[in-house]
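Chemist: Residue numbering for the sequence shown is 1 to 222, as defined by my numbering.
Think of the hints as simulated: they come from the structure by calculation, not from any bench. Hints should not be assumed to be uniformly reliable.
What follows is a set of in silico ranges between Cβ atoms, one per label pair, in the way DEER data are often shown [claimed, not checked]: (1) P113 to R27: 30 to 38 Å; (2) P113 to V147: 38 to 46 Å; (3) L22 to S90: 15 to 23 Å; (4) L170 to L76: 22 to 30 Å; (5) W25 to M91: 28 to 36 Å; (6) W68 to S90: 31 to 39 Å; (7) P2 to M91: 32 to 40 Å; (8) L18 to L167: 34 to 42 Å.
Positions of the beta carbon are idealized from the N, C-alpha and C atoms, including for glycine.
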Amino acid sequence: MPPLLYVGLCVALFGSPLLLMLFRWLRFNQFSAVPRLALWVAAITVLVIAAADTVAWRVDIGLGWPTWQSLGLAILAAAILLVVLSAYVSMRGKFSVASPEQLELQKNLLRLPFGHRCFVVMTAAVTEEVLFRGYAIGVGQHLLGSVGLACVLSIAAFTLGHLRWGLAHLVPVFVCTLVITLLFTFTQNLWACIIVHAILDGVGVLVMPVLAKRRQAAQSTG
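Assemble the whole structure, with the sequences as input and the hints as a guide.
Modeler: Encoded structure:
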């Protein structure tokens, strides 16, 4: 295997967390345009590496047109995960309190304009799926000689990359990445994974804050 493919694997597994750590050290708001654009650069980089050194790179990464079956599985996976996550958030709210750092991170995200939050959601859905599923598993399985090992490394890197959100947040992240990883290995379609990721983040970042504001407004007027 060309050595450059292994460089791409390192970028896929560790590029996103390291970039966000760097921008955090530089005092950037991690949801601002520069860190988000850096994630696009990382995703495009691994795609270019795969295209340059792999004949069947589109198939490996899962860029083929999604089938009705893969789309149906994506919607089903998203629906199940939303139910599971809602139950977890409800239960966690009774037993744990978010740290000040975690609350500040959430405030930084939710105070962004709606259009910017849409950009954040789509950036996470596309770039993280390209990095952690498309390349880390699709190409990584050939580099590591095992799809199972590629999946384990992808799940571990993705989950630990969200450590900045707090330990309690790692549980839903792990569950989501496990389900999306299974979806990718079964369908071999990256678009299905992007759809699930976008739905989950979209509900949490776009829909729920709007509903919460309307609820607060109704309570204040009532």
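Chemist: Any of the earlier hints contradicted here, and which numbers?
Modeler: 1, 3, 7, 8
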